[in-house]
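As you go down the protein sequences, you meet chains A and B in turn.
If you count by this note's numbering, then the first sequence holds residues 1 to 278, one letter each, in order.
If you count by this note's numbering, then the second sequence holds residues 1001 to 1313, one letter each, in order.
Derived by calculation from the structure, the hints in this document are not laboratory data.
Fair warning: this is a prediction, and the values are worked out from it, not measured in the lab.
We put the CB at the ideal spot given by N, CA and C, even for glycine.
Misleading hints may appear alongside valid ones.
To be verified - Stretch by stretch, here's where chain B covers chain A in the computed footprint (C-beta under 8 Å, at least three residues):
no. : segment
1   : 23-33
2   : 126-133
3   : 136-148
4   : 152-162
Claimed, not checked - List time: in silico SDA-like cross-link candidates among lysine to any residue, alpha-carbon distance up to 20 Å:
no. : chain 1 : residue 1 : chain 2 : residue 2
5   : A       : Lys116    : B       : Ala1052
6   : A       : Lys116    : B       : Val1045
7   : A       : Lys221    : A       : Ala73
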Amino acid sequence: MKRRGARPAACFVMMTIASVVLLFPVYWMMMTAVTPVSEILSRDPPLLPHLGSLSFDAFAAVIARRPFLLWTANSMIVGGASSLISLTAAALAGYSLSRYAFPGIRFAGAVLLLGKLAPPALIIIPLFIMFSVGGLLESYGGLVLAHVATGVPLATWLMKGFFDRIPREVEQAAMIDGCTRLGALRHVILPLTRPGLASCFVYLLLVSWGEFVFGRTLMSKPDHRVLTVGLQSFSAEYQVDWPGLMAAGTLTLIPIVVMFVLLEPFLVSGMTKGALAN
Amino acid sequence: MSDAILVGRRAARPRGLRLSEGVRERIFAYALLAPALLIVLAMVVYPLARVADISTRIGRTMNFARIGLLPIGAGNYARTLSDPAFWQAVEVTAIYIAASVAFAFAIGLGTALVLDLTFPARRLFRTLLLLPWAVPGVVASIVFRWMFDGSYGVVNAMLRHAGLFAADIPWFADARTALAAAIVPTVWKAYPLITLTLLAAMQTIPGELYEASAVDGASAVARFRHITWPGIGAAAILAMLVSALWIFRDIDIIYAATGGGPAGSTQTLAMYVYNEAFQYFRIGAAAAVGMLMIVAALIASGVSLAFAGKQRL
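The task is simple: from the sequences and hints, build the whole structure.
Right under this line is the structure:
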């Protein structure tokens, strides 16, 4: 469909080189995880794996000797809960922003964006104080709340973008047929925007999965660490176990790659349009 | 049929509460917005007000409930502005953002220009090239620390093979190279969003413009200057602004890479805020620097958006 069929072969070669260079870190992480320690801890590590001597010991070791599964479970609990709550609040608010242009609604939409401007390293200071006074430190609820606060603003604007693509006539027709406003939203609009809800949920999961500062500060006890915090503590040890760390990193990346592949088409079509409109 | 239903429903509505249609609409609109707004008010706006207040409180206390009892003054700001570590952080931040955004923009523009063309496996390449965006900053940071390791790092091995350096450089551990090293994972995580934004802008440029220019025999450079660039100018500024703000705010990569060291050589302002608060417990000073950061971010956003607005005309 796109213009300029100029030299497809040259484009293909260029993109292959770019992918090899830009994805080398991911390759090197996996490569380190499956190469025996004696080979990889060398001044001249092999760039390609020796297929005969591949070893998955590093994966077994990191699961056996580190609370890796616990970190994963913590990330899943916090990510799942916070994404669900954020999605609910964001879908409702996004619909309101999409359909109503009262000055108050506009202003509230702008206030939501404030959440994106504040540095996490700053906002964590009052949150830490509030949570320590309120007894929310080292609790899942507290971290979920913090993730919801970061997730809601962007998710709201994402959802607004999805609702904007559904013509107003759809709910007007539903209301003429006797639906209330809420009924039209629940039974007509939300089902129509299911792909939007799904991609927004995956987006929220990705953001929560990668979050570090709040997890590090609000849930720092060894048993409470989420994945990113666990990996950072692992990497900060005196003698770093690089193959083990790279195995843990590889395992961390698997769900991320799956989520990203699901999300990517929506990112390309949806998110940029929303970002450009703002 | 549907008319009958309509009339029936209207008549059945309880008439006791005489709210006009407009008022009902308003209540509905605000009610939908309320949960999201409450979350942001409680978890962002109120904390920001608290931290603004903390930035004016002089003295230290370990009892957080008593911070409000400390005397008010500009002491935190005055002390911060005379702290050499603060000014070092300003310098580090400026270099870190400028270099990261410049490299990320170059990679983002290059990849977007090619991905806008037609060639085999284009969608696969697009997915592959956008992937680093989804990698958590901490993970990116750790991988690059391993690649740039002084003893076993693959980067030193490659440089040695290429005959560029004979020495084993501990990139992240040496104060002279640490900032350059920290820029690499930052660029890696930042460029996909620029690719994505520029690509979206390029795809809104009508294909006829390129066809016409081909008829006129315009060179590739001329096409870029007169068709592509005007079409993506506003998006380019926006992409750079969003990336710069993210790099300004975030500490994930720096924290996991160096924690701000060695000797403050990678301590950005955001990292300075975190270290002041959670390493040295100088909460007032941390809050003051954080407030200055927000003001700086607001000014930079305002200027860039005004600039992007002009580009669009």
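Here's how the hints hold up against the structure:
1. 23-33: It holds, with 6 qualifying residues against the three required.
2. 126-133: The restraint on the segment 126-133 of chain A holds, since 7 of its residues have a Cβ under 8 Å from chain B and three suffice.
3. 136-148: That given contact holds, which follows from 3 residues of the segment 136-148 of chain A lying within Cβ reach (below 8 Å) of chain B.
4. 152-162: holds (count 3)
5. A/Lys116 with B/Ala1052: Given that 20 Å is the threshold and the Cα spacing comes to 17 Å, the pair holds.
6. A/Lys116 with B/Val1045: Since the Cα atoms of lysine 116 of chain A and valine 1045 of chain B sit roughly 11 Å apart, the hinted pair holds (cutoff 20 Å).
7. A/Lys221 with A/Ala73: holds (15 Å)
When held up to the earlier numbered hints, the structure conflicts with none and fits them all.
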